[in-house]
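Please take these sequences and the hints and turn them into a complete structure.
Numbering of the sequence shown is given in the working numbering, commencing with residue 84 and proceeding in unit increments.
Careful: at least some of the hints might be erroneous.
Straight line, CA to CA, 20 Å or less: simulated EDC-like cross-link-like pairs of lysine to aspartate or glutamate [unchecked claim]: (1) Lys122 with Glu92; (2) Lys122 with Glu111; (3) Lys122 with Glu211.
Each pair of labels, with its calculated beta carbon distance range [to be verified]: (4) Asp149 with Ala103: 15 to 21 Å; (5) Ala265 with His177: 36 to 42 Å; (6) Gly120 with His233: 22 to 28 Å; (7) Leu110 with Ala265: 24 to 30 Å; (8) Ala228 with Ala172: 38 to 44 Å; (9) Leu264 with Glu217: 17 to 23 Å; (10) Ala221 with Tyr146: 45 to 51 Å.
By construction, these hints were calculated from the structure, which means they are not laboratory data. Backbone N, C-alpha and C fix where the C-beta goes; we use that ideal spot for every residue, glycine too.
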Amino acid sequence: MDALYADLEPLALAALPRFATLIPGALETVTALRAQGLKIGSTTGYNRAMLDALLPLAAAQGYTPDCAVAASEVRAGRPSPYMAWEAAARLGVHPAWACVKVGDTPVDMAEGLNAGMWAVGVAEAGNEVGLSLEELQALSPEDRAARRAHAHDVLTRAGAHLVVRSIAELLPALAQINRWLAEGRRPGA
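See below:
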């Protein structure tokens with residue numbers, strides 16, 4: 084397995100620039116979150132070398148997280164909570180229920196839940212849709228809605244507290260979480 088990984092890592096590093104385009108709405112959403120005083124942490128299943136190659140590509144598009152944690156930096160990757168906890172620790176944010184894990188896969192939702200955080204799924208721009216943005220936009224409205232509904236169902240079954248269509252819809256989801264917090268609700272309760 085180690086030999087296979089050693090062979091694949093250079094190929095993955097070479098391919099990263101082709102898949103490093105920010106998803107629509109990401110930059111505007113992050114800007115709005117920062118205007119509210121929120122901190123942005125990123126976690127990834129990539130190793131640190133891949134993350135270090137990806138961060139400048141994201142920065143060139145205007146996105147720089149306040150911290151970024153790679154799976155290779157913690158004792159276990161998703162669905163364990165270690166990357167989410169490490170990001171919260173680096174950001175100086177606690178308790179865990181004050182954090183929101185945003186992701187597009189069931190293991191992202193599990194990571195957030197296992198960390199004691201709120202979990203918000205992103206349906207349309209994610210892995211569960213299984214298409215590039217261009218491929219998704221080429222679908223008929225019916226096919227696009229069916230793919231989105233499938234992703235929504237998968238993320239909901241994985242335990243997402245909320246599922247949004249795109250990252251551009253994150254702010255209303257966070258407002259809902261803030262209402263729940265004001266009512267005394269906590270994730271997992």
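Quick rundown of the hints versus the structure:
Distance check on the hinted pair: Lys122 and Glu92 sit about 30 Å apart at the alpha-carbon level, beyond 20 Å; violated. A threshold of 20 Å between alpha carbons decides the hint, and for Lys122 with Glu111 the separation of about 14 Å falls inside it, so the pair holds. Annotation: proposed proximity of Lys122 to Glu211 is violated, straight-line Cα distance about 26 Å (limit 20 Å). For the hinted restraint 15 to 21 Å between Asp149 and Ala103, the CB-CB distance of approximately 19 Å keeps it satisfied.
In this structure the hint that Ala265 and His177 lie 36 to 42 Å apart at CB is violated, the actual value being about 19 Å. Between Gly120 and His233 the C-beta distance comes to about 36 Å, which lies outside the given range of 22 to 28 Å. Range check, Leu110 to Ala265: about 29 Å between beta-carbon atoms, so the 24 to 30 Å window is met. Checked against the hint of 38 to 44 Å, the pair Ala228 and Ala172 passes, with Cβ atoms roughly 40 Å apart.
Checking the proposed 17 to 23 Å range against Leu264 and Glu217 shows it is violated: the Cβ atoms sit about 38 Å from each other. Taking the beta carbon of each, Ala221 and Tyr146 are about 26 Å apart, not inside 45 to 51 Å as hinted.
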